[in-house]
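Novice: Mind docking chains B and C on chain A? Use the hints.
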Amino acid sequence: MSISADSARSGVPAAPGTGDRPAGVDGRAGRARKRHRRTPYLFLLPALALELFVHFGPMLAGVVMSCLKLTQYQLAQWWAAPWAGLGNYRVVLDLDQPVGASLFKSFLITAAVTVIVVATAWTLGVAGAVSLQRMKRGRGLLRTLFLVPYALPVFAAVITWRFLLQRDNGMLNHVLVDQLGLLPGNAFYLIGPNSFWSLCVVEIWREWPFAFLMIMAALQSIPDELYEASSMDGAGPWRQLRRITLPMIAPVNQVLILVLALRTFRDFETPYVLFGGSAPDQARLISLEIYQNSFLTFNFGLGSAMSVLLLLFLMLVTGGYLAVTRRRTSLDA
Amino acid sequence: MTHETLGYRVFRRVTLGLLTLFVCAPLVVMVTTAVKPLDQVQSGFRWLPTEPTLRPFVDMWSTVPLARYFVNSVVVATISTVLSVTVAVFAAYAVSRWRFPGRETFRLAVLSTQMFPGILFLLPLFLLFVMVDRGTGLTLVGTRTGLVITYLTFALPYAIWMLVSYFETIPRGLDDAAKVDGCGPLRLLVSVLLPAARPVIVAVSIFSFMLAWGEVLFASVLTSEQTRTVSVGLQSYASEANVYWNQVMAASLVVSAPIVVAFLLLQRHITAGMTAGAVK
Amino acid sequence: MDWGKGMSARWRGAAAGFAAVALVMAGAACAGGSDAGDKTAVLTYWASQQSPSVQHDKEILEPELRKFTAQTGVRVELEVIPFTELLNKILTATTSGQGPDVLNIGNTWSPSLQATGALVGWDPAMMDKLGGAGRFESAALQTTGADGATPVAVPLYNKVYQLYYNKKLFREAGVSAPPATWDDFVTTAQKLTKDTDGDGKPDQWGLAVRGQAATVASHYAYILGSGLGAQYFAGGKPTFDSPAAVAGIERYLSWMGKDKIVNPSDAENADWADVYEAFAGNKAAMMLVQTLGQTLKDYKLTDQNYGVAPMPSNAAAGGRDIGSFVGGTNISIFKSADNLSGAVDLVKFLTSAPEQTVLNAAYGTIPAVKDATGPAFETPEMKIARDTIANRAIPMPRVPQETQFETLLGKDVVGWLAATATGQQPDAAQISAGLKAAAGKVSAGG
Chain A
0 MSISADSARS GVPAAPGTGD RPAGVDGRAG RARKRHRRTP YLFLLPALAL
50 ELFVHFGPML AGVVMSCLKL TQYQLAQWWA APWAGLGNYR VVLDLDQPVG
100 ASLFKSFLIT AAVTVIVVAT AWTLGVAGAV SLQRMKRGRG LLRTLFLVPY
150 ALPVFAAVIT WRFLLQRDNG MLNHVLVDQL GLLPGNAFYL IGPNSFWSLC
200 VVEIWREWPF AFLMIMAALQ SIPDELYEAS SMDGAGPWRQ LRRITLPMIA
250 PVNQVLILVL ALRTFRDFET PYVLFGGSAP DQARLISLEI YQNSFLTFNF
300 GLGSAMSVLL LLFLMLVTGG YLAVTRRRTS LDA
Chain B
0 MTHETLGYRV FRRVTLGLLT LFVCAPLVVM VTTAVKPLDQ VQSGFRWLPT
50 EPTLRPFVDM WSTVPLARYF VNSVVVATIS TVLSVTVAVF AAYAVSRWRF
100 PGRETFRLAV LSTQMFPGIL FLLPLFLLFV MVDRGTGLTL VGTRTGLVIT
150 YLTFALPYAI WMLVSYFETI PRGLDDAAKV DGCGPLRLLV SVLLPAARPV
200 IVAVSIFSFM LAWGEVLFAS VLTSEQTRTV SVGLQSYASE ANVYWNQVMA
250 ASLVVSAPIV VAFLLLQRHI TAGMTAGAVK
Chain C
0 MDWGKGMSAR WRGAAAGFAA VALVMAGAAC AGGSDAGDKT AVLTYWASQQ
50 SPSVQHDKEI LEPELRKFTA QTGVRVELEV IPFTELLNKI LTATTSGQGP
100 DVLNIGNTWS PSLQATGALV GWDPAMMDKL GGAGRFESAA LQTTGADGAT
150 PVAVPLYNKV YQLYYNKKLF REAGVSAPPA TWDDFVTTAQ KLTKDTDGDG
200 KPDQWGLAVR GQAATVASHY AYILGSGLGA QYFAGGKPTF DSPAAVAGIE
250 RYLSWMGKDK IVNPSDAENA DWADVYEAFA GNKAAMMLVQ TLGQTLKDYK
300 LTDQNYGVAP MPSNAAAGGR DIGSFVGGTN ISIFKSADNL SGAVDLVKFL
350 TSAPEQTVLN AAYGTIPAVK DATGPAFETP EMKIARDTIA NRAIPMPRVP
400 QETQFETLLG KDVVGWLAAT ATGQQPDAAQ ISAGLKAAAG KVSAGG
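Chains as they are written, first to last, in numbering that gives the first Met the number 0: chain A, 0 to 332; chain B, 0 to 279; chain C, 0 to 445.
None of the hints are false.
Computed cross-link-like contacts, DSSO-like style, restricted to lysine-lysine with a CA-CA straight-line distance of at most 27 Å:
#1 K68(A) with K334(C)
#2 K236(C) with K68(A)
#3 K166(C) with K296(C)
Between beta-carbon pairs, the in silico distance windows are:
#4 G116(C) with L92(A): 23 to 33 Å
#5 P36(B) with D198(C): 21 to 31 Å
#6 V70(B) with D386(C): 46 to 56 Å
In case anyone wonders, no lab produced these hints; they're calculated from the structure. Fair warning: this is a prediction, and the values are worked out from it, not measured in the lab. A virtual CB, placed ideally from N, CA and C, is assigned to each residue, including glycine.
Bound-form chain A, shown alone (with noise of 0.2 Å):
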């Protein structure tokens, strides 16, 4: 165990080579060869056939659906829907109409709140992670109050802020007005322009563990000596958290920000329970529209078309990011 860590620490990349198939140690080169040629594919096997049959399979006849008119009208007889070829992208993408515009306010939306949900759940993150990093008493307790919102059902989680943020009867209001007097009347916080913070504020809530456990794992791997050496040179802590961490925890900065971007992205239950699954249009995630058009208007054709155009949209995000980051990450082999 002590050898893998240290490599690991140290930044070394595995021994090259080793991973090629074996030479025959006992001369039956050619058929040991061949049998281990089909080896890697049988261990495989069992991911490959799941994703296949619950991920790429659905996803692919789910573009299918995107070219299709598929309304209540050929839920039945799915199979017998007219083809729209790219009737449904054109409809999504007209900007000047209802529906192409609608699509566009949402995604604009979602694009601003994760930015502001990536960004300060990291923040936070790297700030919870490097103060807690240094306590020797109650670390394991706030560590693991600090994962509970992370923990607690979607539901659960949502709807107590709910709660929070209710106008007249809410503990948030009750602070700032009554309590503190800060604000001179109750305020709306779930309808308005205050529903895009109130969202930014919960998908922080829920997100920032993700972050601090991550980064938390990653400040284990760095060597107390490199803290030491640069103190002795006089560095204070700012200056360290600048030269040593961030550098050395870049590439776990490099995946967690591409999973917490894409999850945000995504994500359905947050908007639909805090806002009682009629978001106000400030706070109208990407994710609400579809499924207001698929679900709650049986347009599944135009639904899936606005589906494969936000995979599209991560697809291309995600290949832009990591190749600009791949760039710059100096343990990537």
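Specialist: Just chains B and C, lined up with the frame of chain A:
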């Protein structure tokens, strides 16, 4: 680190204090609401109930078949975790220890599934399950099996990614030594790699479990009343006419407690498992 | 020992087999409740949740279904589904071809579900098996499908909007009778809106509304608009932006905006429970909700505390006297049902006069058939309800795009109410533009 400036210490204390406040505010509301009688929940906000009661913790089992939902959740999450870890270990073993055509494609493909919007393939998956039922008689809709298969696949990408990262850090020297002893590939996996990978396996198990535990969208479509899980079932406390807020909170606390306790106990393993796995 | 070739082949076989076996074992161990055995002797019935809890619904329905089994020998497998999930489940059942034999549907969904072609049609011959269409309330019959097409459902339970008022608050304000016209309604409500704790802000309101629910918003818009003469669909095409429709919505928004008889916080009310709480807590004097039956018992209210009146009407010239739309639940049969005659028997049983009496009395709803009588229907609430449905109720638009209408129009009205709550009630031009956009979305099929 030896020297800590006063400013830094203050920053640390303030940060931890604010984070604790941020995390705890809703939790406090949950706990105090869970012990209030319903009429106190519905009226103006009060920090503490005037007559705290544990009735919600009792009533919550009968208002909604919480016990059944809980059992369903535990069964589905446990089995899908065990299976997903097994399947992921096999796949990660292949990806980590062999170079074969299709290796990179497989890795990227599996990673790309993280971008699939659930709503896109929800209905097709449902239809696929129905077709399997018609063709083979194996019922997947409304059964725990269908949910297990779905969740186990959802957990695979992240599990495979973490396991591959971790396996890469286990030196090939150990492999070679075992092969010299005449170990076949499976035996090598079981007796050499798995023991060394215990921490990451624990970490992956916890993430898989929590994914299965908390998923709502697919559960709402793929379960019947008999097989419903807790994540969907909690919504049943809110009917058209009345919302039993205190019972919702009580149920949420009770239902989350096992996970939080498990995390408390397994913390060390998780962070150790994520350490080497995270640095790639 | 030579582990070599033979061992690894065997291990590999085992490895490949393991996953497959594990999955099958998981299947066998986990198979949930699906029925086996003789299909024709069992009917699957999806009932909607009509009472505050699924358990309570089962307690009401199961004894009745046992009577059915005793009469016909056919067993019924009952599943009670909350309305929030019911439509999704029906959609997936429609798409997959695998679903119940008999099912309840929200009656406003009838035209949309009719368009899927998955439900059995009820032509006059079928209706005769139930005793003829004449047994049913004619307004209820209009909710069974699109105009001019063969109905696909049979009315089962009905509800209409009614005015519920808080007797105590009425007494205190010196209001002797509930308002009969919409104009009176506003003036009465204004008398009932007061500041009771002296902080300068009203905390008792004339009316409470469930502001954040799209379907409810669409109901109000429809009732008020239709009362002023609005037509929402013409020849199957949406015509939402008529001046009457705009005026109807303006009236609704003004209650919170210009008239100030509704608490702005009500724009956040996502559940009926929020409205009932305000009513029961003496924070709101009136509410306009669908037939409640025993629902308010949960809030410890009896007819000593609250009274029921018909929905106000339009005194304006040219206005139609529309009290409500016809709400409620219908019952349908899937075409994929194995035992059609058994299914028809079940529908016949549930729409028979005795069963209609028992079930509607238990649920507090209006019987769909005229020949269901009993003491339960002699309460003031029930008498008003039955009168409304017979004389003053119209169905929601009888077009396949009805659900889109409710969703899209409702969502817009919710947004306008939110704007009103934050102090910016939209004017007629904005509402008209919004309605036009909603109509555009419905036309685009989105």
